[in-house]
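K.L.:
Spelled out from the first residue to the last, the chains are:
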Amino acid sequence: MPTNQDQNPEFELITLLKDGKERAYFKVLGLYKDQVARTVKGMLGNVQEAEDVGQEVFIRFFNSIDNFKGDAKISTYLTRIAMNLSLNELERRKRKRRIFYTGDKLEEKLISDIGANPIENVERKEIVRTAIIKLAPKYRKIVILRALQEYSFKEAAEVLQIPLGTVLSRYARALHKLREILKSHSK
Amino acid sequence: MKAEDKYQKDWLLKKDSTLSEEESISLDVFLKEHPQQLEEWEILEAQIEGLNTAEFIFSDDFEFKVMDRWKREKEQLFDQPSKVILYSGIAAAVLLMINLWVSQNSMSIDALFGIVDMNADNTSLLFYID
Chain A
1 MPTNQDQNPE
11 FELITLLKDG
21 KERAYFKVLG
31 LYKDQVARTV
41 KGMLGNVQEA
51 EDVGQEVFIR
61 FFNSIDNFKG
71 DAKISTYLTR
81 IAMNLSLNEL
91 ERRKRKRRIF
101 YTGDKLEEKL
111 ISDIGANPIE
121 NVERKEIVRT
131 AIIKLAPKYR
141 KIVILRALQE
151 YSFKEAAEVL
161 QIPLGTVLSR
171 YARALHKLRE
181 ILKSHSK
Chain B
1001 MKAEDKYQKD
1011 WLLKKDSTLS
1021 EEESISLDVF
1031 LKEHPQQLEE
1041 WEILEAQIEG
1051 LNTAEFIFSD
1061 DFEFKVMDRW
1071 KREKEQLFDQ
1081 PSKVILYSGI
1091 AAAVLLMINL
1101 WVSQNSMSID
1111 ALFGIVDMNA
1121 DNTSLLFYID
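Just so you know, the protein sequences line up as chains A and B, in that order.
My numbering applies: residue 1 is where the first sequence begins, and numbers increase by one.
My numbering applies: residue 1001 is where the second sequence begins, and numbers increase by one.
Pulled out of the complex, with its shape left as it was, chain A reads as follows:
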């Protein structure tokens, strides 16, 4: 009969976390900080608030570790928290009507570089990232999970807790919208 440990390879780490072992907390941070960074910075951009949100993601996870049943992978759980907190931050920004970090500088780059030599251009990635930021959050979330986290569509559906069909529709729609954004800036 399989034990919990056989069923969940993260069992030992979760046990150590629940026991309050500091090395386990550092291990989680080491294992998942890049993943959380990709999610949060993908959603919010490369701003200081992104790092604050990233810290909050782990603090929420640590605070709720006693209630963590292990029915989802730690990575899934963290990505879900990261997505939710990023959306909260976007809402906060919206309320404050703050201008996003990209500002005029990157906007200018977007306009001037996109039509030039897009594939080889080192800044191309930055331009596309900027365009991704312009997508509505519901599309952005899926693009981030797919392009930055390399999640399968099934995993993305699990993280976002929406049907697989919706994920696929939104992803396809997001790609079209992204092209429109990039085109509009290359004119």
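Hints listed in this document are in silico derivations from the structure and should not be mistaken for laboratory results.
Please note that the accuracy of each hint is not assured.
What the hints assert, rightly or not - Subject to a maximum C-alpha distance of 25 Å in a straight line, what follows is the list of computed DSS-like cross-link-like pairs (lysine-lysine):
{"hint": "1", "chain 1": "A", "residue 1": "Lys21", "chain 2": "B", "residue 2": "Lys1071"}
{"hint": "2", "chain 1": "A", "residue 1": "Lys73", "chain 2": "A", "residue 2": "Lys21"}
{"hint": "3", "chain 1": "B", "residue 1": "Lys1071", "chain 2": "A", "residue 2": "Lys18"}
{"hint": "4", "chain 1": "A", "residue 1": "Lys73", "chain 2": "B", "residue 2": "Lys1015"}
{"hint": "5", "chain 1": "A", "residue 1": "Lys138", "chain 2": "A", "residue 2": "Lys125"}
{"hint": "6", "chain 1": "A", "residue 1": "Lys18", "chain 2": "A", "residue 2": "Lys69"}
{"hint": "7", "chain 1": "A", "residue 1": "Lys27", "chain 2": "B", "residue 2": "Lys1074"}
{"hint": "8", "chain 1": "B", "residue 1": "Lys1032", "chain 2": "B", "residue 2": "Lys1014"}
{"hint": "9", "chain 1": "B", "residue 1": "Lys1065", "chain 2": "A", "residue 2": "Lys21"}
{"hint": "10", "chain 1": "B", "residue 1": "Lys1071", "chain 2": "A", "residue 2": "Lys27"}
{"hint": "11", "chain 1": "A", "residue 1": "Lys69", "chain 2": "B", "residue 2": "Lys1071"}
{"hint": "12", "chain 1": "A", "residue 1": "Lys73", "chain 2": "A", "residue 2": "Lys125"}
{"hint": "13", "chain 1": "B", "residue 1": "Lys1083", "chain 2": "A", "residue 2": "Lys27"}
{"hint": "14", "chain 1": "A", "residue 1": "Lys177", "chain 2": "B", "residue 2": "Lys1006"}
{"hint": "15", "chain 1": "A", "residue 1": "Lys138", "chain 2": "B", "residue 2": "Lys1015"}
{"hint": "16", "chain 1": "B", "residue 1": "Lys1014", "chain 2": "A", "residue 2": "Lys69"}
{"hint": "17", "chain 1": "B", "residue 1": "Lys1065", "chain 2": "A", "residue 2": "Lys154"}
{"hint": "18", "chain 1": "A", "residue 1": "Lys94", "chain 2": "A", "residue 2": "Lys27"}
{"hint": "19", "chain 1": "B", "residue 1": "Lys1015", "chain 2": "A", "residue 2": "Lys154"}
{"hint": "20", "chain 1": "B", "residue 1": "Lys1014", "chain 2": "A", "residue 2": "Lys154"}
{"hint": "21", "chain 1": "A", "residue 1": "Lys183", "chain 2": "A", "residue 2": "Lys154"}
{"hint": "22", "chain 1": "B", "residue 1": "Lys1015", "chain 2": "A", "residue 2": "Lys177"}
{"hint": "23", "chain 1": "B", "residue 1": "Lys1083", "chain 2": "B", "residue 2": "Lys1071"}
{"hint": "24", "chain 1": "A", "residue 1": "Lys69", "chain 2": "A", "residue 2": "Lys154"}
{"hint": "25", "chain 1": "A", "residue 1": "Lys18", "chain 2": "B", "residue 2": "Lys1074"}
{"hint": "26", "chain 1": "B", "residue 1": "Lys1006", "chain 2": "B", "residue 2": "Lys1032"}
Claimed, not checked - To give an idea of the chain A side of the interface with chain B (calculated C-beta under 10 Å), a few residues:
{"hint": "27", "residue": "Leu29"}
{"hint": "28", "residue": "Gly54"}
{"hint": "29", "residue": "Gln55"}
{"hint": "30", "residue": "Val57"}
{"hint": "31", "residue": "Phe58"}
{"hint": "32", "residue": "Lys125"}
{"hint": "33", "residue": "Ile132"}
{"hint": "34", "residue": "Ile133"}
{"hint": "35", "residue": "Ala136"}
{"hint": "36", "residue": "Ala147"}
{"hint": "37", "residue": "Leu148"}
{"hint": "38", "residue": "Leu168"}
{"hint": "39", "residue": "Tyr171"}
{"hint": "40", "residue": "Ala174"}
Where is the CB? At the ideal position from N, CA and C, for every residue including glycine.
Assemble the complex: chain A is given as a structure, and chain B must be docked to it using the hints.
P.N.:
Just chain B now, kept in the frame of chain A:
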């Protein structure tokens, strides 16, 4: 739903190897008939290819910042119930202080100790407080 939309979803699922064999055959037939459609989808996806290598990272001391912040939040000096007790104590002390001032008709430090009228004949604190 338009056929292209349906097949685009199937094409995406096929990339994840989660498309059924039957649907996969159907997709192949569609793409054979509409090769330009495949090209279109590939162009769309190419827009975001390579982004995973982008430098979406936190600062080097991120782990320590998280642990510091978490510990600080965990080890706050007063939790909520302690605060209630603390504020109740402060309120009681203020009331007692006012009571002492009024009963001894003096707002001095001595009054706070209940010893305004203390003398050699009467050294009982309780007498004055009462």
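K.L.:
Could you run down the list of hints and mark each one as holding or not?
P.N.:
Outcome of the hint check:
A distance of roughly 13 Å separates the Cα atoms of A:Lys21 and B:Lys1071; the hinted pair therefore holds under the 25 Å criterion. The suggested pairing of A:Lys73 with A:Lys21 holds, with an alpha-carbon distance near 20 Å, which does not exceed 25 Å. As the CA atoms of B:Lys1071 and A:Lys18 are separated by approximately 15 Å, the hinted pair is consistent with the 25 Å bound. Distance restraint check for A:Lys73 and B:Lys1015: the Cα-Cα separation of roughly 23 Å lies within the 25 Å cut-off, and the hinted pair is therefore satisfied.
Our distance criterion of 25 Å between C-alpha atoms is met by A:Lys138 and A:Lys125, whose separation comes to about 21 Å. Restraint check for A:Lys18 and A:Lys69: satisfied, since their Cα atoms lie roughly 11 Å apart, inside the 25 Å limit. Between the alpha carbons of A:Lys27 and B:Lys1074 the distance comes to roughly 19 Å, so the proposed pair stays at or under 25 Å and holds. Restraint check for B:Lys1032 and B:Lys1014: satisfied, since their Cα atoms lie roughly 16 Å apart, inside the 25 Å limit.
In summary, the hint linking B:Lys1065 to A:Lys21 is supported, as the alpha carbons are separated by about 17 Å, within the 25 Å threshold. Between the alpha carbons of B:Lys1071 and A:Lys27 the distance comes to roughly 16 Å, so the proposed pair stays at or under 25 Å and holds. Of the supplied pair hints, the one linking A:Lys69 and B:Lys1071 holds, its CA atoms being roughly 23 Å apart against a limit of 25 Å. Restraint check for A:Lys73 and A:Lys125: not satisfied, since their Cα atoms lie roughly 30 Å apart, outside the 25 Å limit.
About 35 Å separates the Cα atoms of B:Lys1083 and A:Lys27, which puts this hinted pair outside 25 Å; it is violated. At most 25 Å may separate the alpha-carbon atoms for a hinted pair to count; A:Lys177 and B:Lys1006 meet this at roughly 18 Å. Using a Cα cut-off of 25 Å, the hinted pair A:Lys138 and B:Lys1015 holds, with the two alpha carbons roughly 22 Å apart. For the suggested pair B:Lys1014 and A:Lys69, the alpha carbons sit about 32 Å apart, so the restraint of at most 25 Å is broken.
Straight-line distance between C-alpha atoms of B:Lys1065 and A:Lys154 comes to about 33 Å, which puts the hinted pair past the 25 Å bound. Taking the CA atoms of A:Lys94 and A:Lys27, the gap is near 35 Å; set against the 25 Å cutoff, the hint is violated. Under the criterion of a C-alpha separation no larger than 25 Å, the hint pairing B:Lys1015 with A:Lys154 is consistent with the structure, at around 12 Å. With a C-alpha separation of about 12 Å, the suggested pair B:Lys1014 and A:Lys154 falls inside the 25 Å cut-off, and the hint holds.
Between A:Lys183 and A:Lys154 the CA atoms are separated by roughly 30 Å; this puts the pair beyond 25 Å, and the hint is violated. Our distance criterion of 25 Å between C-alpha atoms is met by B:Lys1015 and A:Lys177, whose separation comes to about 21 Å. With a C-alpha separation of about 19 Å, the suggested pair B:Lys1083 and B:Lys1071 falls inside the 25 Å cut-off, and the hint holds. Our distance criterion of 25 Å between C-alpha atoms is met by A:Lys69 and A:Lys154, whose separation comes to about 21 Å.
Restraint check: the Cα-Cα separation between A:Lys18 and B:Lys1074 comes to about 15 Å, which is no more than 25 Å; the hinted pair holds. For the hint pairing B:Lys1006 with B:Lys1032, the CA-to-CA distance comes to about 16 Å; that is within 25 Å, so the pair holds. Because the smallest distance between the Cβ of A:Leu29 and any Cβ of chain B comes to about 4 Å, under 10 Å, the interface hint for this residue holds. At a threshold of 10 Å, the smallest CB-CB gap from A:Gly54 to chain B is about 5 Å, leaving the interface hint in force.
Interface hint status for A:Gln55: upheld, as the beta-carbon distance to the closest one in chain B is roughly 5 Å, under 10 Å. Taking 10 Å as the C-beta contact cut-off toward chain B, the hint placing A:Val57 at the interface holds, the least distance being around 9 Å. Checking A:Phe58 against chain B by beta carbon gives a least distance of about 5 Å; that is within 10 Å, so the hint holds. Given the 10 Å rule on beta carbons, the hint for A:Lys125 holds: about 5 Å separates it from the nearest Cβ of chain B.
Interface restraint check for A:Ile132: the shortest CB-CB distance to chain B comes to about 7 Å, inside 10 Å, so the restraint holds. Hint status for A:Ile133: violated, given a least beta-carbon distance of 12 Å to chain B, over 10 Å. Because the smallest distance between the Cβ of A:Ala136 and any Cβ of chain B comes to about 16 Å, over 10 Å, the interface hint for this residue is violated. The closest approach between the C-beta of A:Ala147 and any C-beta of chain B is roughly 4 Å, which is under the 10 Å cut-off, so the hint is satisfied.
A cut of 10 Å between beta carbons decides the hint on A:Leu148: the least distance to chain B is about 6 Å, and the hint holds. Restraint check, A:Leu168 versus chain B: the minimum CB separation of about 4 Å is within 10 Å; hint holds. The beta carbon of A:Tyr171 is positioned within 10 Å of a beta carbon in chain B (closest approach about 7 Å), and the interface hint is therefore held. With a least beta-carbon distance of about 9 Å to chain B, the hint placing A:Ala174 at the interface is held under the 10 Å criterion.
The structure fails to meet hints 12, 13, 16, 17, 18, 21, 34, 35 from the earlier list, while all remaining hints are met.
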